[in-house]
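Peer 1: Chain by chain, the residues run as shown.
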Amino acid sequence: MTGHAPTALDARAEQARWVLRLAFLVLAAAFFKTQVLDHERYRLRAEDNRLRAVPLTPARGAILDRYGRVIAENVPGYSVKLLAPDRAAFLEALARLATIVPVDSAGQADALRRFRAEPYLPALVLRDATPEQVARLEERRVLLPGLVVESEPKRHYPAGAAVSHVVGYVAEVTDADLRAQRYRGAIVGSLVGKAGLELEYDSVLRGTQGMRYIEVNARGRLVREDGAAPPRPPVTGASLRTTIDLDLQRFVDSLWPRGVRGALVAMTTDGQVLALYSAPTYDPNDFIGGISAERWAALRDDPAKPLYNRVIQGRYPPASPFKLAVAAMALRRGLVRFDTRMPEPCTGSLRVGNRVFRCWDPRGHGRLDLTGAIAQSCDVYFYQLGQKLGLEDLLADGVAMGFQERSGVDLEGESSPVFPGDVKYFDRRYGPRGWSRGVVLNLSIGQGENDQTLINMARFYLALASTGVAPAPYLVRPQAAAPMRVDLTPAQLAGMRAALLAVVERGTAAGTRRTDLEVAGKTGTAQNAHGADHGWFIGFAPAERPEIVVGAIMEFAEHGSIVAPYVVRTIRRWYFGSSDHGRGVRLLTPDDVAPAPSEPADSAAPVLPADTAAAGTPDSLEGAR
Amino acid sequence: MNRTFRLDRGILLALALLLAYGVLVLYSAGQTDVPTSANGVWEKQLVWILIAGAAAFTAFRVSPRLLEWAAPPLYALGIVLLLVTLVVGTGAGTAAGTRSWLAVGGVRIGQPVELAKLATILMLARWLAGRRAAPRSLRELVPGCVIAGVPFLLVLKQPDLGSAIVFAGILFAMLFWGGTRPWLLFLLATPVFSLLLAFNVWTWGLWCVVLGLLLWWWRPFLLEGITVALVNIVMGFTALPVWRSLAPYQQNRLLTFLNPGLDPQGANYQAIQSKVAIGSGGWFGMGWLEGPQKRLVFLPAQHTDFVFSVVGEELGFLGVTLALLLFGYLLTRLIGVARRTTDPFSGLVVFGVAGLILTHVFENVGMTVSLMPITGIPLPFFSYGGSFLVASGLAMGMVLRVAADAVASGYPQR
Numbered sequence: 006m007t008g009h010a011p012t013a014l015d016a017r018a019e020q021a022r023w024v025l026r027l028a029f030l031v032l033a034a035a036f037f038k039t040q041v042l043d044h045e046r047y048r049l050r051a052e053d054n055r056l057r058a059v060p061l062t063p064a065r066g067a068i069l070d071r072y073g074r075v076i077a078e079n080v081p082g083y084s085v086k087l088l089a090p091d092r093a094a095f096l097e098a099l100a101r102l103a104t105i106v107p108v109d110s111a112g113q114a115d116a117l118r119r120f121r122a123e124p125y126l127p128a129l130v131l132r133d134a135t136p137e138q139v140a141r142l143e144e145r146r147v148l149l150p151g152l153v154v155e156s157e158p159k160r161h162y163p164a165g166a167a168v169s170h171v172v173g174y175v176a177e178v179t180d181a182d183l184r185a186q187r188y189r190g191a192i193v194g195s196l197v198g199k200a201g202l203e204l205e206y207d208s209v210l211r212g213t214q215g216m217r218y219i220e221v222n223a224r225g226r227l228v229r230e231d232g233a234a235p236p237r238p239p240v241t242g243a244s245l246r247t248t249i250d251l252d253l254q255r256f257v258d259s260l261w262p263r264g265v266r267g268a269l270v271a272m273t274t275d276g277q278v279l280a281l282y283s284a285p286t287y288d289p290n291d292f293i294g295g296i297s298a299e300r301w302a303a304l305r306d307d308p309a310k311p312l313y314n315r316v317i318q319g320r321y322p323p324a325s326p327f328k329l330a331v332a333a334m335a336l337r338r339g340l341v342r343f344d345t346r347m348p349e350p351c352t353g354s355l356r357v358g359n360r361v362f363r364c365w366d367p368r369g370h371g372r373l374d375l376t377g378a379i380a381q382s383c384d385v386y387f388y389q390l391g392q393k394l395g396l397e398d399l400l401a402d403g404v405a406m407g408f409q410e411r412s413g414v415d416l417e418g419e420s421s422p423v424f425p426g427d428v429k430y431f432d433r434r435y436g437p438r439g440w441s442r443g444v445v446l447n448l449s450i451g452q453g454e455n456d457q458t459l460i461n462m463a464r465f466y467l468a469l470a471s472t473g474v475a476p477a478p479y480l481v482r483p484q485a486a487a488p489m490r491v492d493l494t495p496a497q498l499a500g501m502r503a504a505l506l507a508v509v510e511r512g513t514a515a516g517t518r519r520t521d522l523e524v525a526g527k528t529g530t531a532q533n534a535h536g537a538d539h540g541w542f543i544g545f546a547p548a549e550r551p552e553i554v555v556g557a558i559m560e561f562a563e564h565g566s567i568v569a570p571y572v573v574r575t576i577r578r579w580y581f582g583s584s585d586h587g588r589g590v591r592l593l594t595p596d597d598v599a600p601a602p603s604e605p606a607d608s609a610a611p612v613l614p615a616d617t618a619a620a621g622t623p624d625s626l627e628g629a630r
Numbered sequence: 128m129n130r131t132f133r134l135d136r137g138i139l140l141a142l143a144l145l146l147a148y149g150v151l152v153l154y155s156a157g158q159t160d161v162p163t164s165a166n167g168v169w170e171k172q173l174v175w176i177l178i179a180g181a182a183a184f185t186a187f188r189v190s191p192r193l194l195e196w197a198a199p200p201l202y203a204l205g206i207v208l209l210l211v212t213l214v215v216g217t218g219a220g221t222a223a224g225t226r227s228w229l230a231v232g233g234v235r236i237g238q239p240v241e242l243a244k245l246a247t248i249l250m251l252a253r254w255l256a257g258r259r260a261a262p263r264s265l266r267e268l269v270p271g272c273v274i275a276g277v278p279f280l281l282v283l284k285q286p287d288l289g290s291a292i293v294f295a296g297i298l299f300a301m302l303f304w305g306g307t308r309p310w311l312l313f314l315l316a317t318p319v320f321s322l323l324l325a326f327n328v329w330t331w332g333l334w335c336v337v338l339g340l341l342l343w344w345w346r347p348f349l350l351e352g353i354t355v356a357l358v359n360i361v362m363g364f365t366a367l368p369v370w371r372s373l374a375p376y377q378q379n380r381l382l383t384f385l386n387p388g389l390d391p392q393g394a395n396y397q398a399i400q401s402k403v404a405i406g407s408g409g410w411f412g413m414g415w416l417e418g419p420q421k422r423l424v425f426l427p428a429q430h431t432d433f434v435f436s437v438v439g440e441e442l443g444f445l446g447v448t449l450a451l452l453l454f455g456y457l458l459t460r461l462i463g464v465a466r467r468t469t470d471p472f473s474g475l476v477v478f479g480v481a482g483l484i485l486t487h488v489f490e491n492v493g494m495t496v497s498l499m500p501i502t503g504i505p506l507p508f509f510s511y512g513g514s515f516l517v518a519s520g521l522a523m524g525m526v527l528r529v530a531a532d533a534v535a536s537g538y539p540q541r
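These protein sequence lines map, in sequence, to chains A and B. Heads up, the first sequence is in my numbering, so the first residue is 6 and it goes up one at a time. Heads up, the second sequence is in my numbering, so the first residue is 128 and it goes up one at a time.
It is worth saying that the hints were derived from the structure and are not from the lab. Take the hints with a grain of salt, since some may be wrong.
Capping the alpha-carbon separation at 25 Å, the derived lysine to any residue pairs in SDA-like fashion look like this [said to hold, decoys possible]:
1. A:Lys38 x B:Leu416
2. A:Lys393 x A:Arg346
3. A:Lys38 x B:Met362
4. B:Lys171 x B:Leu151
5. A:Lys38 x B:Val277
6. A:Lys199 x A:Ser354
7. A:Lys38 x B:Val161
8. A:Lys393 x A:Ser421
9. A:Lys38 x B:Met499
10. A:Lys38 x B:Ser497
11. A:Lys199 x A:Ser244
12. A:Lys38 x B:Leu349
13. A:Lys38 x B:Pro500
14. A:Lys429 x A:Gly418
15. A:Lys38 x B:Arg371
16. A:Lys38 x B:Trp410
17. A:Lys38 x B:Tyr148
18. A:Lys38 x B:Leu452
Per label pair, the in silico range of CB-to-CB distance [to be verified]:
19. B:Val269 x A:Val24: 45 to 55 Å
20. B:Arg136 x A:Val24: 22 to 32 Å
21. A:Lys38 x B:Thr330: 22 to 32 Å
22. A:His161 x B:Ser164: 44 to 54 Å
23. B:Ser164 x A:Leu49: 21 to 31 Å
24. A:Arg46 x B:Arg266: 46 to 56 Å
These numbers come from a predicted model, not from an experiment. Where a beta carbon is used, it is the ideal one built from N, C-alpha and C, also for glycine.
Produce the complete structure using the sequences and hints provided.
Peer 2: Right under this line is the structure:
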């Protein structure tokens with residue numbers, strides 16, 4: 006064949022070599038692009054392939070009391086997680102795990118939910134595994150290829166139920182929270198504060214999530230737990246030093262009569278909250294490791310509402326303690342002095358127009374001056390003082406003093422008080438002709454359209470007990486909220502304190518008088534449309550130069566004088582510590598004071614139409630029914 | 128003088144280096160964190176290399192004259208085996224979905240296609256060497272097209288697109304070496320272009336215009352020119368029916384080859400994981416035995432079809448370049464041997480073997496970086512597999528014999 010001539014072959018061999026060079030050049034160029042030019046992209050891609058980031062939970066910051074005693078701390082705990090390539094494998098592994106350690110069906114459903122949310126991360130199955138459970142799982146690790154056990158600090162509240170309404174509790178962040186981005190930096194499975202200080206200071210306490218990297222193979226099975234890539238350790242949250250006195254807090258808890266609903270708050274005169282107690286209470290430790298569904302339902306559906314913080318969320322008619330506000334308004338406007346007497350002496354009631362407004366004491370108080378009227382809590386005196394002041398001024402001054410504002414305490418969920426801003430409120434509520442100017446009589450004794458939180462009333466007494474200016478109460482740091490101003494001269498303030506001292510010395514709370522510490526304060530009995538009246542007492546000590554203010558309310562306590570001993574004992578505990586073994590106050594049993602309550606406390610605060618309220622008997626109301 | 132002393136040292140060196148390199152990479156491919164079928168295959172590969180060495184020795188002992196004489200019966204045997212495979216064949220390994228294995232009593236004894244490739248080379252060489260002149264017209268190419276076309280269609284039916292392409296590669300390489308004009312080869316290939324370009328009316332229309340101009344320029348025989356034009360047009364119109372006749376996985380492979388991001392979890396998973404492995408290797412690689420993609424079994428078929436991805440991941444661009452240089456050197460030597468032969472048949476056989484190896488290398492290596500669509504054909508001397516290794520051994524034995532004869536003939540060397 007002619008094609009086999011040497012010269013022709015040479016030419017063809019040369020052409021073939023060129024084809025060869027071209028082919029290999031193309032291949033080399035493709036590899037150069039992939040390996041050198043696009044190297045970084047593929048390197049990252051390869052890491053994504055094999056590395057799974059496992060979040061490392063930081064320890065939450067400790068919460069300490071004012072002396073450094075522990076309110077909330079962390080103890081070692083274990084969490085158990087499962088990594089699986091797909092849903093079927095996850096369910097299989099979960100079923101196998103459940104044969105080794107018990108996981109109830111709700112827990113399994115939660116685990117599956119977490120897996121679905123982040124299928125590429127190990128899904129949390131058990132938040133609070135015991136060391137024994139962990140040991141049993143580790144022994145059977147071969148059966149559970151995706152098992153990830155992590156030591157995870159868990160929360161502990163040594164004082165338990167005594168501090169629940171101060172610290173609140175922590176729980177796993179919900180999907181809704183995540184969607185709403187309520188907690189910055191939280192991811193599926195994060196523990197976040199749900200109430201109290203844990204919620205208010207969550208961003209401080211939570212710390213920064215760390216990461217460690219585990220290596221998985223192409224089937225998503227765990228290959229190596231450590232050393233795949235350098236971990237990023239979690240940063241423990243900052244500790245909180247609070248103003249709480251844990252000893253006082255525990256004392257209040259031990260003092261509080263079982264079964265009685267109510268609240269107590271103690272603070273120094275510069276607004277530092279020493280104790281904050283709401284009853285009934287709950288144990289925040291129940292939430293650690295996930296609260297069981299039954300326990301949660303029991304807490305949520307309990308008619309006594311244990312999760313409800315009555316100090317900041319409960320709204321009650323301020324009753325007699327509000328008389329001091331009315332007195333302050335009148336004094337400031339120069340309408341009265343402490344020795345001023347009213348035109349009508351107290352005969353047990355006051356006739357206004359064709360209606361009779363009764364005093365709480367049907368025997369009457371006779372002709373009292375302002376100090377005496379405060380000491381005896383004489384309603385008739387304050388009806389007349391209210392009339393003198395006028396509805397418009399009473400409302401305007403109440404707003405100016407801050408009875409329409411929250412106290413601004415650094416706890417989440419504080420309720421706003423109910424207080425009319427002006428007379429238009431009544432027009433709106435009842436229609437222009439639906440109410441009478443008699444409402445001023447009710448308002449002047451702290452009833453009517455006025456519902457205050459305990460902490461806001463305590464703040465008003467703080468103002469009286471100090472220079473007339475009360476900063477927002479706080480548990481951790483002073484708050485920026487505008488201070489409450491009473492605007493009285495020092496002499497007027499001193500007169501107020503003398504009158505409040507008289508309440509305890511010879512007035513409505515005389516039973517609690519003790520010689521070694523002068524306690525001043527004011528009782529109150531709030532009308533309750535749903536049962537026995539609520540009892541108030543707000544006091545401070547020492548009466549001359551007050552240092553501590555304590556307010557308390559007990560639902561269905563019938564009279565403030567029943568509450569006063571608890572406040573006085575709290576104050577004495579603060580002053581004398583546990584050495585106060587003096588004459589005991591008779592503690593009433595719950596059965597004495599509380600008829601079986603049927604309504605939740607927050608609806609216990611009546612806001613009555615003016616006419617019915619005016620027709621009733623303040624401080625011992627029957628007319629509301 | 129004994130032929131043994133006339134062994135081509137360059138080819139032997141390249142073969143030894145390629146085989147050693149291949150075994151090292153295979154050893155590494157077996158080092159995974161999870162048990163895979165790749166564990167320990169390097170030992171079996173060593174056994175196969177010994178068997179392939181024996182096959183090479185046997186082929187080396189056979190005279191090219193005997194091969195030329197035996198080409199028709201060998202070719203017939205190859206076709207029969209392919210037919211048998213088509214009827215009773217089983218799938219296995221990376222080709223689980225195809226019927227490419229011949230099994231006797233449940234024991235797989237080999238993939239006949241590898242032997243058929245050699246038989247086709249011999250048959251084509253015999254036909255081309257027997258011609259008095261190089262083919263000058265398409266009509267004269269018909270016997271060659273039939274020789275390669277029968278096994279081509281039989282393996283396409285298995286279906287094994289990769290091996291079918293190899294038959295085409297062999298045909299074109301040998302026709303070229305037989306003296307066929309490149310433009311004639313180009314005309315022969317035009318129907319394939321039509322097939323590929325017919326998916327878009329405009330590209331196909333443009334292609335028809337170009338083809339018309341080329342026909343006018345090259346002036347083939349009138350009848351052939353008309354035939355080429357007609358075949359192109361028919362191809363253009365049958366493209367869609369042909370496409371529909373493809374198995375879904377073949378369609379997917381072709382689609383993802385054209386658009387790699389199409390289906391990262393499915394058809395294109397292998398291509399992407401291979402590229403990730405190779406790309407993460409960088410200049411110097413992750414180190415021998417250390418490639419995480421391979422170790423964690425992200426790499427598919429890391430001991431057979433995608434063995435070159437292990438090279439890319441663990442030894443980097445440098446390792447890749449070294450392997451390519453070795454292949455390039457071997458192929459250059461083969462071209463040199465083909466050039467030096469004393470008779471056309473021997474030269475055509477050697478050049479056919481070179482075409483076989485180049486097609487395999489380009490297809491396999493190109494596929495690991497998505498330069499070629501994914502087909503299941505092995506990389507010579509690297510991929511684990513007995514049939515292809517033995518076939519390679521036979522081919523290399525023939526090549527070495529031809530080279531030794533060329534030296535013995537005293538034909539002027541260049």
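Peer 1: Does each hint hold? Answer for all of them.
Peer 2: Right, here's what the structure says about each hint:
About 24 Å separates the Cα atoms of Lys38 (chain A) and Leu416 (chain B), which keeps this hinted pair within 25 Å; it holds. Of the pairs offered as hints, the one joining Lys393 (chain A) and Arg346 (chain A) holds, with about 12 Å between alpha carbons and a cut-off of 25 Å not exceeded. Restraint check: the Cα-Cα separation between Lys38 (chain A) and Met362 (chain B) comes to about 35 Å, which exceeds 25 Å; the hinted pair is violated. With a CA separation close to 13 Å, the supplied pair Lys171 (chain B) and Leu151 (chain B) stays within the 25 Å bound.
Proposed proximity of Lys38 (chain A) and Val277 (chain B) is contradicted: the alpha carbons are some 39 Å apart, above 25 Å. Note on Lys199 (chain A) and Ser354 (chain A): the hinted pairing is violated, with a Cα-Cα distance of about 49 Å set against a maximum of 25 Å. The hinted pair formed by Lys38 (chain A) and Val161 (chain B) fails the criterion: a straight-line CA distance of about 31 Å is larger than 25 Å. With a C-alpha separation of about 28 Å, the suggested pair Lys393 (chain A) and Ser421 (chain A) falls outside the 25 Å cut-off, and the hint is violated.
A hinted pair counts as satisfied when its Cα atoms are at most 25 Å apart, and Lys38 (chain A) with Met499 (chain B) qualifies at roughly 15 Å. With a C-alpha separation of about 12 Å, the suggested pair Lys38 (chain A) and Ser497 (chain B) falls inside the 25 Å cut-off, and the hint holds. A distance of roughly 17 Å separates the Cα atoms of Lys199 (chain A) and Ser244 (chain A); the hinted pair therefore holds under the 25 Å criterion. Taking the CA atoms of Lys38 (chain A) and Leu349 (chain B), the gap is about 46 Å. The hint is violated against a cut of 25 Å.
This hinted pair checks out: Lys38 (chain A) and Pro500 (chain B) have alpha carbons roughly 18 Å apart, not beyond 25 Å. Only pairs whose Cα atoms come within 25 Å are accepted, and Lys429 (chain A) paired with Gly418 (chain A) is rejected, the gap being roughly 28 Å. This hinted pair does not check out: Lys38 (chain A) and Arg371 (chain B) have alpha carbons roughly 34 Å apart, beyond 25 Å. For the hint linking Lys38 (chain A) to Trp410 (chain B), the alpha-carbon distance of about 11 Å falls within 25 Å, and the restraint holds.
At most 25 Å may separate the alpha-carbon atoms for a hinted pair to count; Lys38 (chain A) and Tyr148 (chain B) meet this at roughly 24 Å. In summary, the hint linking Lys38 (chain A) to Leu452 (chain B) is supported, as the alpha carbons are separated by about 18 Å, within the 25 Å threshold. Evaluation of the 45 to 55 Å hint for Val269 (chain B) and Val24 (chain A) yields a failure: the beta carbon distance comes to about 25 Å. For the pair Arg136 (chain B) and Val24 (chain A), the supplied restraint of 22 to 32 Å holds, since their beta-carbon distance comes to about 25 Å.
About 25 Å separates the C-beta atoms of Lys38 (chain A) and Thr330 (chain B), a value consistent with the hinted range of 22 to 32 Å. Against the hinted window of 44 to 54 Å, the Cβ-Cβ separation of His161 (chain A) and Ser164 (chain B) comes to about 52 Å, which satisfies the hint. In this structure, Ser164 (chain B) and Leu49 (chain A) meet the distance hint of 21 to 31 Å, their C-beta atoms being roughly 30 Å apart. For Arg46 (chain A) and Arg266 (chain B), the hinted distance range of 46 to 56 Å is satisfied, since their beta carbons lie about 52 Å from each other.
Against the hints set out earlier in the document, violations occur for numbers 3, 5, 6, 7, 8, 12, 14, 15 and 19.
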